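Novice: The chain contents come next:
Number of protein chains: 2
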Amino acid sequence: MLRVSERATVFPDSPIRKLVPYADQARALGRTVYPLNIGQPDIPTPRPFLDALKAYDRQVIAYGKSEGEQPYREALAKYYAGCDIEVSANDIVVTQGGSEAILFAFQVATEPGDEVLVFEPFYTNYNAFALMCDISLRPVRTLASTGFHLPPDEAIRAAIGPRTKAILVCTPNNPTGTVFTEDEMRRLGAIAKDLGLFLISDEVYREFCYEGVHTSVMHLKGLEDNAILVDSVSKRYSACGARIGCLVTRNRDARAAAVRLAMSRLCPASVEQEACLAMAQLGMDFFAPLRDEYRRRRDATYEGLMRIPGVTCLEPKGAFYIMAELPVEDCESFAKWLLTDYHHDNSTVMVAPGPGFYARGKYEEKGQGLNQVRLAYVLETPKLKAAMDILGRAVDAYMAANPS
Amino acid sequence: MLRVSERATVFPDSPIRKLVPYADQARALGRTVYPLNIGQPDIPTPRPFLDALKAYDRQVIAYGKSEGEQPYREALAKYYAGCDIEVSANDIVVTQGGSEAILFAFQVATEPGDEVLVFEPFYTNYNAFALMCDISLRPVRTLASTGFHLPPDEAIRAAIGPRTKAILVCTPNNPTGTVFTEDEMRRLGAIAKDLGLFLISDEVYREFCYEGVHTSVMHLKGLEDNAILVDSVSKRYSACGARIGCLVTRNRDARAAAVRLAMSRLCPASVEQEACLAMAQLGMDFFAPLRDEYRRRRDATYEGLMRIPGVTCLEPKGAFYIMAELPVEDCESFAKWLLTDYHHDNSTVMVAPGPGFYARGKYEEKGQGLNQVRLAYVLETPKLKAAMDILGRAVDAYMAANPS
Chain A
1 MLRVSERATV
11 FPDSPIRKLV
21 PYADQARALG
31 RTVYPLNIGQ
41 PDIPTPRPFL
51 DALKAYDRQV
61 IAYGKSEGEQ
71 PYREALAKYY
81 AGCDIEVSAN
91 DIVVTQGGSE
101 AILFAFQVAT
111 EPGDEVLVFE
121 PFYTNYNAFA
131 LMCDISLRPV
141 RTLASTGFHL
151 PPDEAIRAAI
161 GPRTKAILVC
171 TPNNPTGTVF
181 TEDEMRRLGA
191 IAKDLGLFLI
201 SDEVYREFCY
211 EGVHTSVMHL
221 KGLEDNAILV
231 DSVSKRYSAC
241 GARIGCLVTR
251 NRDARAAAVR
261 LAMSRLCPAS
271 VEQEACLAMA
281 QLGMDFFAPL
291 RDEYRRRRDA
301 TYEGLMRIPG
311 VTCLEPKGAF
321 YIMAELPVED
331 CESFAKWLLT
341 DYHHDNSTVM
351 VAPGPGFYAR
361 GKYEEKGQGL
371 NQVRLAYVLE
381 TPKLKAAMDI
391 LGRAVDAYMA
401 ANPS
Chain B
1 MLRVSERATV
11 FPDSPIRKLV
21 PYADQARALG
31 RTVYPLNIGQ
41 PDIPTPRPFL
51 DALKAYDRQV
61 IAYGKSEGEQ
71 PYREALAKYY
81 AGCDIEVSAN
91 DIVVTQGGSE
101 AILFAFQVAT
111 EPGDEVLVFE
121 PFYTNYNAFA
131 LMCDISLRPV
141 RTLASTGFHL
151 PPDEAIRAAI
161 GPRTKAILVC
171 TPNNPTGTVF
181 TEDEMRRLGA
191 IAKDLGLFLI
201 SDEVYREFCY
211 EGVHTSVMHL
221 KGLEDNAILV
231 DSVSKRYSAC
241 GARIGCLVTR
251 NRDARAAAVR
261 LAMSRLCPAS
271 VEQEACLAMA
281 QLGMDFFAPL
291 RDEYRRRRDA
301 TYEGLMRIPG
311 VTCLEPKGAF
321 YIMAELPVED
331 CESFAKWLLT
341 DYHHDNSTVM
351 VAPGPGFYAR
361 GKYEEKGQGL
371 NQVRLAYVLE
381 TPKLKAAMDI
391 LGRAVDAYMA
401 ANPS
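If you read the sequences in order, they're chains A and B.
Taking UniProt numbering, I'd label the letters of the first sequence as residues 1 to 404.
Taking UniProt numbering, I'd label the letters of the second sequence as residues 1 to 404.
Simulated from the structure, these hints should not be mistaken for laboratory data.
You may find that some hints are simply not true.
Identical copies look the same in the list; a pair holds intra-copy or inter-copy alike.
[Unchecked claim] Taking lysine to any residue pairs in the SDA-like style, the calculated list, with each CA pair at most 25 Å apart, reads:
#1 K221 x K385
#2 K18 x A62
#3 K366 x R186
#4 K362 x G113
This structure is a prediction, so every number in the text was calculated from the model and none was measured.
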């Protein structure tokens, strides 16, 4: 067979999706599988989205503006004002999901061969976007024992070399659930400013902070040139399939470059963008009950986890995720075993193994995250309680069957 | 200001979109501007698309499958069977427009620094996708005087070096309207097979062949390993804003690699994909009246052009475009002048200047296409006749004002 490129061959399998065939097999055997592997909210998408689809009456589904439609960008600017982020419609480029916003941010900040500093563990697809842009991710490790908060400045500065062009942070964090403090964000801002780096901030879980406040990269004073915000409606409005995100920056050159990149793929999806315009007008009150619901889910998951002997994790303050260290040597095998070999009362649990959330390529260290799993608490609380009960029993059974 | 990357800075402005501000100014002066610059069909999107939006009743707009939904891929396979292309749902990856399909094809075929051979003039955004993938496009020139058909094999083989990994062809062609013959497609297939290259074929205008038959890369025997088809609903169903395309290949490794790339951006837009499923079932009869309409438009445009002294172009057989040589030295200036300085009875014409359809970067030759413009005949026939009349008068006036 004609050989495909090395870069497409080493492209990482998604740790979130690669166990799906085993889950399908378990379900085919009549088992209940609690899907804690993927951050797919079960919350209904707000009615204005569906109403906008029903009311859609354009005769021609035509190309839209590459940077997104003016009314939608204005609605986004208003939404951001509600988050104490002062930006104008002209600072925003609408993208095909947060995914494309990250891709554009990487392309704007780096040349081929450059590096972006990122805190490990991190959202698995950052590895994929880095490969697509021919850059390396330079990881700085954060630890379960400290709630995955930042290491001291020295550790961060030590990882920055001449080819480093940006720092990428995600807050609230996927996969750890960590909300970086105002002090931590300021520290990153100071380093970025001092060393002339872009500070790219992935804030798609902004609304899901259960304690304290969220600090956006756009809140940092004096960082107008360095700050690039990456965002999406996927989690905010439970509209993952809409593939509507945005890139926001006050740096005129960076915004102009992002628009040029956007022109190459013509425009974001027209219909879904118009439906998102309807949702953007929902206002901040919409999120309060959602946040309460996810806080209950977080509590149930975390409390359940804490009942399992040997688990290490601090209570995460945001997003939908808990990254936990289990008393299991190899969570890749364990996660597969949960689907192929284990059930309790005909039920089992699907989790995302830790290693997929660590750097690939140039700075890869084999074996990282092997004793970790990511749990997405996107099910109703009773189901999460049941899932944690099963996980505890499964850990016992697995350790009995695989003594170290 | 913090500097953006060189690669994002050299990103080409779209020749199709960059004159928009001047057109807006002309319209603000009360002028009628005939937009022949962009291939945005005025044909209404078929009813099943809009009906599907109204009937959409999912509660959660959830992530879909990265490779596209099974029912839609099956509907596409049936559509292809109607084009005498035998492929299965498993040969197809649904993409975010044809744009992403080209990007995936480049990534699957090449490493950074590799080359793709492409026939010049070509669709302007190929330059952008090449930049994004850190590869070079190696152009092989085709000429207005020969209807932009292929040069002899020797000229093609001479442009293939050790870093060449693929040949990219577009048929029916954007920007030239040329439909490559079965013999031409077979010649490309033989070269690809002989030298172990992918043959990537962009066939988004398949339905718009006004004489003769369309030869798809998927029709070529023995080329299963080499052939990658790039496609889109944009032109076929006048649904440019839907951003739904696909990549089709029988090469298992290439398909698997494209699915891995697709996983990184999670899924194509869910709602628009479901609306496209409804359209995919329209059948081949749908296209006959459309083709007749565009043939009339082609005829009106070509006949009008032929009345302008000094114009060189052969009658194009497909797509929505005519690439014509005008008796004007610099069509960049002429295209701008049409909008800023010229009108006839308060009307003028917007065209896409030729140079944007030639290679940028490593193999760039300055001044190529300067005496050419691309005309998109996507307006009703009377408007096209009026536009050609104006263009002829404008050429006269411009040459009188700018004697060479």
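Novice: Hint by hint, note whether the structure agrees.
Specialist: Comparing the hints with the structure gives:
In this homomeric assembly, K221 and K385 never come within 25 Å of each other (Cα to Cα): the closest approach is 43 Å inside a single copy and 58 Å across copies. In this assembly of identical chains, K18 and A62 lie within 25 Å of each other by CA distance solely across copies; the values are 18 Å between and 36 Å within a copy. Neither within a single protomer nor between protomers do K366 and R186 lie at most 25 Å apart by alpha-carbon distance, with minima of 32 Å and 47 Å respectively. For the identical chains of this complex, K362 and G113 are neighbours both inside a copy (11 Å) and across copies (18 Å), given an alpha-carbon limit of 25 Å.
Violated hints for the displayed structure, listed by number in ascending order: 1, 3.
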